[in-house]
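Visitor: Sequence order for the protein chains is A and B.
Per the working numbering, the first sequence starts with residue 1, numbered consecutively.
Per the working numbering, the second sequence starts with residue 1, numbered consecutively.
It should be emphasised that the hints constitute simulated quantities derived from the structure, not laboratory data.
The reader is advised that the hints may include incorrect statements.
The list treats identical chains as interchangeable, and a pair is accepted whether it falls inside one copy or across any two copies.
To be verified - Mimicking DSSO-like on lysine-lysine, the simulated pairs with C-alpha atoms at most 30 Å apart in a straight line are: (1) K63 x K221; (2) K221 x K60; (3) K208 x K57; (4) K220 x K145; (5) K221 x K208; (6) K60 x K208; (7) K145 x K221.
Number of protein chains: 2
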Amino acid sequence: MAGIQASESIHPFIPTDLILPDYVPIILSQSTILTVYGCASFLVVSFVWILAGRFPKISKLDKVLMCWWVFTGLTHMILEGYFVFTPEFFKQKNPTYLAEVWKEYSKGDSRYVGRDSAIVAVEGITAVLEGPACLLAAYAIATRKSYSHLLQIAISLGQLYGTAVYFVTSYLEGDNFAVSPYYYYAYYFFANSFWIWIPSLIMIRSWKTICAAVCTQEQKKSKTR
Amino acid sequence: MAGIQASESIHPFIPTDLILPDYVPIILSQSTILTVYGCASFLVVSFVWILAGRFPKISKLDKVLMCWWVFTGLTHMILEGYFVFTPEFFKQKNPTYLAEVWKEYSKGDSRYVGRDSAIVAVEGITAVLEGPACLLAAYAIATRKSYSHLLQIAISLGQLYGTAVYFVTSYLEGDNFAVSPYYYYAYYFFANSFWIWIPSLIMIRSWKTICAAVCTQEQKKSKTR
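Produce the complete structure using the sequences and hints provided.
Guide: In structure tokens form, the structure reads like this:
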């Protein structure tokens, strides 16, 4: 019995019957994890803001959008990419920062540490396809490409679809994957909400811009007839 | 033991340890199911083709696209909508045609009859959001709305995202949900492939059209400066 218990290990996640053999407890504190993520994001955003200023005719809103796309793109590629391609992150004897992030986040949604296939599928699509597309979107804004708004709509839609699958699957499976209401609202609900309202706002703006462009184009066509 | 076996019932699906209490066997043959779907689709397509001809300046390609959007929209809303909102379809004593469809399809992918949450989530988004949007796309093409191409891209992207989640989750879970290679290739692979290549082609076309419109618009802007 003792042998089985040791190999199954004790973990802090919900549901408690989740089996995580060789689980290594979290070492870093929540504040350390958040501070590192916050500082890294601040550095990235500052760098993009300065870089964006060197492109001609860039509005303030475009600069903000470039910061968002690089921030979310790197989050998708590095943070979520690590999760997708490191199935055994919770077993690492000398855990990296990224492993600690996902063990900490799993307090809000244990389907991450439990490797739920819907989560891995959505995160895989996000990391591999949407991540690089986000960086392309920042480049497209800076260089005023004709596909800029279209690409922003496409990625935002993907982010919204992914978030929808994320929340709906949790609801269908009983919505009981958080250690406490605090982690449920802070990680599962609040942290993810940014990937609902920001893509929604971007979609509305780019949708209007494209419709206006197509509209003007068609009016000119019918005038020249 | 006999009592337990009776309540667990015997079903034809893979994996064999899938528990489907009160499962009622399929009555309709494969050919009947496919003939009804084929005839209904033919009627819908014919009706849309004739109706589309009454709108001014509609190209042949636009007529084909309107047929596709109405066909796929009704498939999403009726067929997939039924699946989403009828969790116990496999238990019906006097099964409807739609219940028979999903029991038959489950021979190619038992996650349907087994009510896998990723499947239900994707089908839910498809039936509730994409279905009505498809009908709107057909209307937008007929009435030459400025958002027509954008809407077609948005729905096509959603269909591609859904299909990606569908295939990736199956792969992650061992890809062993079909009764035989015949059902695997005919239902899981071939039937779904239409929702990969058709949305892809539509996306490429509409993407090019919008980029061209935005491009012309921007050239005119810089000329007038």
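Visitor: Could you run down the list of hints and mark each one as holding or not?
Guide: Now the hints, each set against the structure:
no.	hint	result
1	K63 x K221	between (33 Å within a copy, 21 Å between copies)
2	K221 x K60	between (33 Å within a copy, 20 Å between copies)
3	K208 x K57	both (21 Å within a copy, 25 Å between copies)
4	K220 x K145	both (22 Å within a copy, 15 Å between copies)
5	K221 x K208	both (20 Å within a copy, 17 Å between copies)
6	K60 x K208	both (19 Å within a copy, 28 Å between copies)
7	K145 x K221	both (23 Å within a copy, 14 Å between copies)
Against the hints set out earlier in the document, no violation occurs for any number.
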